Amino acid sequence: MVEKISFSINGQPREVEVDPEMMLIDVIREVLSLTGTKHGCDNATCGTCTVILNGKAVKSCNTPVKKASNGTLLTIEGLAKGKELHPIQKSIAESGAIQCGFCTPGIVMELYGLLESKPEASETEINNALNKHLCRCTGYEPIQDGALMAQKIIINRKNY
Amino acid sequence: MEYKYIGKSYIRPDAISKVTGKAIYLDDIRLPGMLHAAILHPEYAHAKIINIDTSQAELMPGVVKVVTGKNCNFHYGDNIKDLIPIAVDRVRHIGEPVAAVVADTVQNAQKAVEKIRVVYEPLPVYVDARDAIKKDSTLIHEENGDYWHLPTLNPQPGTNVANLYQLKKGKGSGGFEDADVVIEEEFLYPLGSCAAIETHGSIVWFKEDNTIEAWSSSICPFIIRDDLAHSYGIPVSQVRVHIPEIGGCFGYKSDITVEQTIAYIASFVPGYPVKWVASRAEDFTSTLLGHGIRTKMKIGAKKNGKLVAIKAEILHSGGAYADTSVNVTIAATHNCTGPYEFEHCDLTGLTVYTNTPPVGAFRGYGHQESQFATERMMELLARKLGMDSFTLREMNYLSEGKVNSLGETMWKLNGDIKACSDKVKDSVFSKDKLNEDENYFYGRGFAAVMKSPKGAPFSTKGCYIKMNIDGSVNINMGGAEVGQGLRTIVAQIAGEALKIAPEKIRVYTELDTQFSPYEWQTIGSMFTTQGGRAIIRAADKLILILKQTAAQVLKTDVDFLDYDGEFVFLKNDPSVRVSIEEIARGYITSDGITIGEVAQSVSDARLPRYSNPDKNGQGSMGVEYTFGAQAAEIRIEKKTGKIFVDHFTSVFDVGQVINPLQIRGSVLGGVTISVGATLYEKVEFDTEGKILNPQFFQYHIPTNKEAPKQTIEFIENPGSVGPFGARGIGEHPVIGPAPAILNAIYDAVGVDFFEIPVTPEKMKKALLEKQ
Ligand code: FES
Ligand code: FES
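Listed in order, the protein sequences are those of chains X and Y.
Going by the numbering used here, the first sequence opens with residue 2, and the numbers climb by one from there.
Going by the numbering used here, the second sequence opens with residue 2, and the numbers climb by one from there.
Keep in mind that the hints are not guaranteed to be accurate.
Claimed, not checked - Derived DMTMM-like pairs (lysine to aspartate or glutamate); straight-line CA-CA distance at most 20 Å:
hint: 1; chain 1: Y; residue 1: Lys112; chain 2: X; residue 2: Asp20
hint: 2; chain 1: Y; residue 1: Lys706; chain 2: X; residue 2: Asp146
hint: 3; chain 1: Y; residue 1: Lys112; chain 2: X; residue 2: Glu85
hint: 4; chain 1: Y; residue 1: Lys385; chain 2: Y; residue 2: Glu714
hint: 5; chain 1: Y; residue 1: Lys23; chain 2: X; residue 2: Glu85
hint: 6; chain 1: Y; residue 1: Lys426; chain 2: Y; residue 2: Glu714
hint: 7; chain 1: Y; residue 1: Lys299; chain 2: Y; residue 2: Glu122
What the hints assert, rightly or not - Here are a few chain X residues that face chain Y, going by a calculated C-beta distance under 8 Å:
hint: 8; residue: Cys42
hint: 9; residue: Ser70
hint: 10; residue: Glu78
It should be emphasised that the hints constitute simulated quantities derived from the structure, not laboratory data.
Just so you know, these numbers come straight off a predicted model, no measurement behind them.
Every residue, glycine too, gets a C-beta built ideally from N, C-alpha and C.
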């Protein structure tokens with residue numbers, strides 16, 4: 002059965018009429034056509050589908066859309082302000098962390114969830130967050146580099 | 002040599018679109034009227050199909066068409082036409098398409114496909130080539146030998162051997178007469194999955210005007226184009242194939258695979274684009290697997306360590322169709338010598354039909370599998386000879402003047418393996434080894450490696466350059482960007498060749514056979530070398546056009562002119578000049594008459610004098626080699642048997658580094674993939690041919706915390722084929738990790754392993770047995 006569910010996504014109010022058990026990823030990709038959020042596995046193991054729900058990084062492939070009801074969603078498309086990239090995006094683009102780029106949106110959102118709420122996160126916390134994501138291309142080192150670069154920018158930004 | 006743009010870390014042109022989520026991958030494509038396919042896979046890995054009942058499925062909501070292979074009457078393939086788009090009367094592996102549903106949504110298609118009922122008559126299942134080649138084994142293809150195949154292939158009718166490749170150098174096995182010491186062992190590099198994070202998928206659209214348009218997450222649009230045109234009897238020009246961004250390849254999205262299946266399904270609903278994207282499970286069961294190579298190797302040496310003879314049998318479990326595996330076997334066979342010279346070689350490669358999903362390319366293409374054996378054998382031989390293994394290797398490296406198994410002489414241009422080896426030895430083995438402590442054993446292991454592409458006679462890469470009126474440049478090529486970063490490389494090489502800043506060069510994004518210059522396929526670590534050469538050729542032509550126009554404008558001869566990226570000018574008086582802006586579209590004289598050609602050019606490049614094998618299996622079949630050395634520093638946890646790769650070192654002679662950031666990334670990723678193969682990854686089958694671990698939580702690939710810290714260095718002895726001396730590097734880093742880690746295990750605990758992955762259970766068991 003279909004229900005009306007409202008939320009804000011990337012700063013815009015939206016109302017969808019879907020089965021409340023439908024996974025968030027399918028609403029984001031198929032209903033709202035925001036295809037930046039990726040689908041990489043069948044059982045919530047790869048992390049590519051990560052989005053921000055009410056400030057926290059969640060896997061949209063195992064989160065039913067009803068959990069987003071009246072909530073706030075942020076996807077990779079909502080991170081940049083116009084042409085100005087978010088510090089995490091900028092750092093990840095410059096550190097060599099992007100090869101095929103398929104894991105990138107999920108990783109960027111994971112880091113956003115961590116660093117925006119806890120800019121002083123320890124290296125272990127950053128590594129634990131990255132460990133929830135699979136990347137087959139980069140060997141992870143450039144992603145760690147990018148995360149640390151981003152952290153510096155975010156800390157400096159907050160100090161202003 | 003000093004370059005302006007080569008050797009610097011430019012940021013990839015696709016970084017911004019990828020980091021903002023705007024890059025379009027296959028599953029992101031939405032087309033008007035698009036329908037979705039779901040595919041039924043069999044319950045048996047080998048069976049006759051007795052009956053398919055689709056009646057219930059046809060009644061399901063949203064269903065547009067149910068498709069079976071009942072009337073499918075064609076085979077396809079690039080090397081052996083043994084592939085079929087959908088099962089006709091028999092299934093040969095567990096991921097084979099048996100029937101399909103086309104529906105309005107993915108969900109409806111999936112629900113309907115479950116309603117299809119099939120009656121099978123099971124046949125014996127062979128997962129391992131050793132079983133499939135037994136004398137009385139059931140034939141997986143009764144037609145073996147009758148299929149069209151490349152003239153260089155040698156199928157064995159009446160058996161499950163899809164191809165037999167033999168190479169003889171010198172006296173072959175007769176060479177062992179000259180040996181004082183002989184060792185013989187058997188090694189296994191089991192079946193694995195490339196496991197790109199983006200699964201494979203395609204969209205195919207049969208149009209009312211009798212053309213076909215397709216999209217695929219593949220690296221070979223031109224092969225797909227040619228093959229579809231052949232299968233459906235239309236001119237090649239009437240098939241248009243697009244390649245969007247690709248979310249990783251590592252081999253298994255090369256050759257033609259799922260595209261023909263989706264095309265077959267779509268051919269039943271002309272006028273509608275049909276999309277299919279593999280689930281993760283289907284990516285394991287219904288695309289290509291990799292590896293599956295068992296190497297029996299015998300090496301003979303003189304007492305002083307001089308290698309004299311090698312005999313190897315490469316037994317490749319090629320899967321249910323051999324089109325994609327035959328060349329892997331061949332590369333594994335002729336390059337199984339690793340970076341060593343043997344005067345006498347007797348090498349045999351058998352590609353065997355088995356009842357697993359077809360096996361195809363996996364980054365490394367046969368090299369990591371057979372050189373896993375060679376590099377373990379070097380340690381075993383050194384031990385037997387009572388020699389230092391570095392000394393043994395150094396005596397035998399394929400250095401300048403040596404001749405490889407194929408009969409190709411190595412030149413200084415091929416790079417310096419000894420220099421790579423020395424660097425690794427110095428940085429890893431010159432310090433003291435860590436002593437065992439309460440919790441851990443420590444060990445170090447080394448491997449020297451080499452790789453050539455496995456080319457084809459027509460394996461060319463095209464390039465089209467056009468210069469615009471402001472002097473900026475657009476470049477179009479057919480190379481597929483899978484993440485390796487070729488677009489950055491194109492901009493840098495073109496910048497250097499045209500003396501124009503890479504920022505002014507716009508590199509192509511998607512591939513489209515309607516517009517892209519011809520390229521065979523983007524494989525074999527060949528893009529930088531061949532594609533780069535094509536860019537330089539096209540740039541030279543373009544500069545000549547500019548000079549020809551300028552010669553008319555400046556009233557002189559072409560050879561008196563020079564070009565600096567902004568002007569064409571007189572060599573003896575640079576003040577006599579004309580700007581690029583004035584001549585890029587031809588020069589408009591004061592009376593409006595235009596002279597000269599538009600500044601645009603086309604070129605291509607292939608490997609020089611690549612040839613087919615001769616009667617001894619030799620020939621100019623490698624052409625370009627990159628050599629390197631790698632080492633692992635590991636720790637084994639006593640309690641659990643868990644192996645940690647704490648540090649991994651790689652040194653390659655790449656001729657010329659084009660982009661330091663990207664080349665480091667290639668090695669980082671390549672090493673990590675093979676650490677996965679060595680410690681975790683193996684596609685497990687039960688005796689009935691079912692895959693037991695087709696999910697990421699079962700088939701574990703390395704995570705952030707498991708990736709080793711790496712030291713990566715490059716030596717630059719320029720080659721002669723690639724641009725500015727650059728050689729291929731994309732695949733090479735995957736070769737050394739397995740032998741280096743297993744050599745390190747021996748160093749740590751004195752236990753020899755001959756198979757990967759070395760899981761904690763296996764390690765623990767070995768430790769207990771040793772006590
Ligand atoms: S799609 Fe893999 S974790 Fe969600
Ligand atoms: S960049 Fe390809 S999976 Fe991470």
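Lys385 (chain Y) and Glu714 (chain Y): Cα distance at most 20 Å? violated, 32 Å
Quick one, are Lys299 (chain Y) and Glu122 (chain Y) close enough, alpha carbons at most 20 Å? violated, 42 Å
Lys112 (chain Y) paired with Glu85 (chain X) [C-alpha distance capped at 20 Å]: violated, 44 Å
Run the distance test for Lys426 (chain Y) versus Glu714 (chain Y): straight-line Cα separation, threshold 20 Å. Roughly 13 Å between the alpha carbons, so the hint for Lys426 (chain Y) and Glu714 (chain Y) holds.
Holds or violated: Lys23 (chain Y) and Glu85 (chain X), Cα atoms, limit 20 Å. holds, 15 Å
Can the restraint linking Lys112 (chain Y) and Asp20 (chain X) be considered satisfied, given a maximum Cα separation of 20 Å? holds, 17 Å
A closest beta-carbon separation below 8 Å is what the hint needs, so does Cys42 (chain X) meet it against chain Y? Check passed: Cβ of Cys42 (chain X) comes within 5 Å of chain Y, closer than 8 Å.
CA of Lys706 (chain Y) to CA of Asp146 (chain X), is that 20 Å or under? holds, 14 Å
Closer than 8 Å between Cβ atoms is the bar; does Ser70 (chain X) clear it against chain Y? Give me holds or violated. violated, 22 Å
Restraint outcome when Glu78 (chain X) is required to lie within 8 Å of chain Y by C-beta distance: Holds - the Cβ of Glu78 (chain X) comes within 8 Å of chain Y, reaching about 5 Å at its closest.
Checked against the numbered hints above, the structure violates hints 3, 4, 7, 9; every other hint is satisfied.
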